[in-house]
Amino acid sequence: MKRLLSWLDHRTGFKNLLHEALYERVPGGARWRYVWGSTLVFTFVVQMITGIFLWMAYSPSAQTAWESVYFIQEHMTLGWLVRGMHHFAAQAMVVLLAFHLIQVIIDGAYRAPREVNFWLGLILMQIVLGLSLTGYLLPWDQKGYYATQVATKILGATPLVGQQLQTLVQGGPEYGHHTLTRFFAMHTGILPGLLVFFLVLHLAVFRRHGIHPKKLDHAPTTTFFPDQVLKDGVACLAVLAVVMLLAIFKGADLGAPANPAEAYSAARPEWYFLFLFQFLRFEEVEHYGLAFGAIYVPGLLMLIVVLMPIVGRWKAGHRFNVAFTWLMAIAIIGLTTLSFVTDARDEGFTLAVEEAERDAKRVKELAEGPNRIPVEGAASLLKTDPFTQGPRLFAKHCASCHRYNGHDGTGRMVYEQLKGKDGNPIEGDDGKPQQFVVRPTAVDLGNLGSRDWFRSLLLDYKRHFAEVKHSTWYRSNAAAREQHAKIAERLKKAKTAVGKGKPDPRQTGELRAISASLIELSKRIRGDALGQRLNRLQGDRGQLAKELADAEVARNSLQQQLSADVEVDQSLLKSLANKLAEKKKTLAAKDAEIKALRNEMQSPDLFKTSSGDPAVVDRQNSRIGEWLAMLFDPEASEMAAWYDDEEALKSLNSDKNKADFENLIEFLVAESGRDDLSADKAKAAKGKTVFKSGKLTAGSVGICTDCHDSWKETGDFTPSSRDFSYPDVTRVYSAKWLKSFISNPARTQFYGVKNRMPAYADRLSDRELDLLVRWLVRDYFPTRIPDHESKLDALQEGLKERPDAP
Amino acid sequence: MTDPTDASADPQTSDIPRRGFVTRALAGLVGAVAGLVPLVTGAAFFLDPLLRKKSAAGGNARKDSEGYINLRVTADALPSDGSPQLFKVYDDVVDAWNKFPNVEVGSVWLRRNDQGEVAAFSSICPHLGCAVDYRQSDRDFYCPCHTSAFDLDGDKKNEIPPRGMDALDVKVKDGNGIWIKYEKFRATIPEKVVI
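Chains as they are written, first to last, in my numbering: chain X, 1 to 806; chain R, 1001 to 1195.
Treat the hints as calculated values from the structure; they're not laboratory data. Glycine is no exception: its CB is placed at the ideal position from the N, C-alpha and C atoms. Just to be clear, a hint being listed does not mean it is correct.
[What the hints assert, rightly or not] Residues of chain X placed beyond 10 Å of chain R at every Cβ, according to the derived structure:
| no. | residue |
| --- | --- |
| 1 | TRP80 |
| 2 | GLN149 |
| 3 | VAL196 |
| 4 | ASN371 |
| 5 | SER557 |
| 6 | ASP569 |
[What the hints assert, rightly or not] Coverage of chain R stretches by chain X, computed from C-beta distances (three or more under 8 Å per stretch; other residues unrestricted):
| no. | segment |
| --- | --- |
| 7 | 1068-1080 |
| 8 | 1083-1095 |
| 9 | 1102-1114 |
| 10 | 1119-1130 |
| 11 | 1137-1147 |
| 12 | 1185-1192 |
Please construct the entire structure, taking both the sequences and the accompanying hints into account.
Put into structure tokens, the structure is as follows:
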């Protein structure tokens, strides 16, 4: 063995090198405070090793980056561990870097003759931070994407060359494929190369001057190996242990795939940049412009650090440097803590983080599905998932009136500020405007179509629709009813006074006055009714406009091909053009209808002139009475009357009819065809009999099909011929029914003239409507993620705190 | 055992030759060419995002002749009390070698202003590019990243953002359809510069 080594030494001279490396003198003895540099090298080596192995499985493109990281994390053997080590070693490196820098400054090891080495170290620090920044983007998840967007925008704020720098770094005017490829080249090629280069220089220059001991008499001078190496080794082992523990018990997380079009309110940089982030949240700082807070101030502080070797020539200078270092450390820790605390107290932020975590879980669930991840990338999985998009659509479009289990669909309560008597917002205990829970003005849809929903609808109709009574239109209608009741009283008195004969001039005057009031009232309510008709027409128009827009795009694409000299099927072009013209005509006709209606709304008088003839006034009065009766009022609707009948309610509630009632419920639930409700077919069949006949085991109730007579045994729901409706129960709360309903609830097969809900055909695309409805009927890939917890109790509590609470 | 070659004994390396200027010059020149050619080629390639001519987008089926996109929503759909609503903008996107037809490229806030007209704002915060939310409770626009706040006319309410929200050009076409010119603007600066 000895001979072999001796032969090798003669050829290569390795023994000398080894001796040089291992037996460096350590004056003052080996110390724990010297371990940081070695731990940094160790951590870097861990990064290189784990990095190279990750490199073998990672693919940097906008369609494959997240996807390949997901595969590493969830499927590859120990992929989660390799990635975990890489992730946490990166964090460890930043911490160790700070320790190393602080130790060097406190021990004065930056002073002559070690200035150049200090600067080399600072360069290494920049490279390590650059590695962190570039690495954070590579998974191409929401978190990394948005955090890096901020960083590149800050870069863009650099004076003079900022814009060009930003474009170069991004690989274009926007983030895209080239952003990833460039960041990847930086992260795996350029920066590690530079780091190795400067590290070699750093070590070489360090060895030239050796250790600078603070206390020479701390311990007898020793050699690097084995004493310092042991201490270094233990420290490295400790770092490794921490990294492994974090990797195993916490694990690197992977957010949902980056979606440039989806707002991400939980955007934060990695924790070691939070102090900078917090710094940019102070108005005092931002007042001077972004470049001030993000570039000049940090730049200045960096400059002070760079100048430390020069300042440190004087003893006072050294003290200043140490003080400055401690000050910076405290400031950075302080700002970071402030950032955590502020975020923890921010309800909006906490909810956004929860939502981000839900999305991350959901997309992984979907990726495990039978169709895996499509070629266009995993982002499309969430975009087409009703479980994800439904709540957001609900919050945006429905939560102005409805709630879902007390919240807006996404788990958030709906708040508003209220003005006090002085016209200023009412303040809470913290001096800020108090958030009051907004009163819902429509039914809570949390249990739509369920058995509980139908039970409530049939047995407790008034309470089921009680929220409606808080809406403006209801109150306005109630006021109109009151007014009408007063006028009717007055008319009764006037008619009694007239008796059977002809009215005298004074009585005629009174009748005319009553007539005039009726006309005023009629203007109001008819205007409202015409408004509802307009709503329905606009719903229809919205649908037509969508079809027209699609036809236009189809024709334009074809025409574009034509102008690009591509072979185009002329007959197809012609038919598209014809279709387009047809649709334009239909739309124009609808627009004309709307225009005519708007004209009518200018003068919504039900009657033209007031009259003194008691018969005429009587007719006017009853006409208005009819109109008012048609308006929706849960207290006075026919459905409410149906079971206001004491006998009917007793029948429904009695024990003998319990089974019949449950069967009826089962029938209604089965109409939706929802899988998740698992309607019992046998029970539903029995329930259908109750529905059609009203016969119970003991007694009977009103026959449902007497009013809901548009119900069809098979086939789809149909338009009703009446002016006002009893909603069609055919396939009620199925996806198809809901889609048609939400598009235009004023259709005669739904609420008809009683409707108060906007027609969404003109503000929801077909895609969105589909997602919303499928969420409501729970038609999506099964999930283990629980629903948002019910906020019904919080809603009730919050309503009590309103100043206008009854 | 032969000694390892002692390079320091070689006379050539200890004297710097006086003659051989041409050789030195040639050596430098050849080295420069050999070194610079790949570097300059690489540098030019690296500067591609700044140098490549953007091919004139040969018209877009989704945009009209003035570059407006159909939002497929009518002005009647906007709440009459001036509350803003967020609508998605769809367009074709070209990213290097891919074309993505009809994808979401961003969102806009639409509302009826005090004059009853339709006003549109980009949802991208002019501070550092996060997405601006609408706070119903405060009836203002609010960016959750660094707490920029704007009133409903888009004017900034605190000193965080460098300018107000970016208003977008709106056209209300035949029968109330809303079309907008979707543009993006540089963040961090007080001026509104189109990217």
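Here is how each hint holds up against the structure:
{"no.": "1", "hint": "TRP80", "in the structure": "holds (30 Å)"}
{"no.": "2", "hint": "GLN149", "in the structure": "violated (5 Å)"}
{"no.": "3", "hint": "VAL196", "in the structure": "holds (20 Å)"}
{"no.": "4", "hint": "ASN371", "in the structure": "holds (20 Å)"}
{"no.": "5", "hint": "SER557", "in the structure": "violated (4 Å)"}
{"no.": "6", "hint": "ASP569", "in the structure": "holds (17 Å)"}
{"no.": "7", "hint": "1068-1080", "in the structure": "holds (count 7)"}
{"no.": "8", "hint": "1083-1095", "in the structure": "holds (count 4)"}
{"no.": "9", "hint": "1102-1114", "in the structure": "holds (count 5)"}
{"no.": "10", "hint": "1119-1130", "in the structure": "holds (count 5)"}
{"no.": "11", "hint": "1137-1147", "in the structure": "holds (count 7)"}
{"no.": "12", "hint": "1185-1192", "in the structure": "holds (count 5)"}
Consistency with the previously given hints fails for numbers 2, 5, ordered from lowest to highest.
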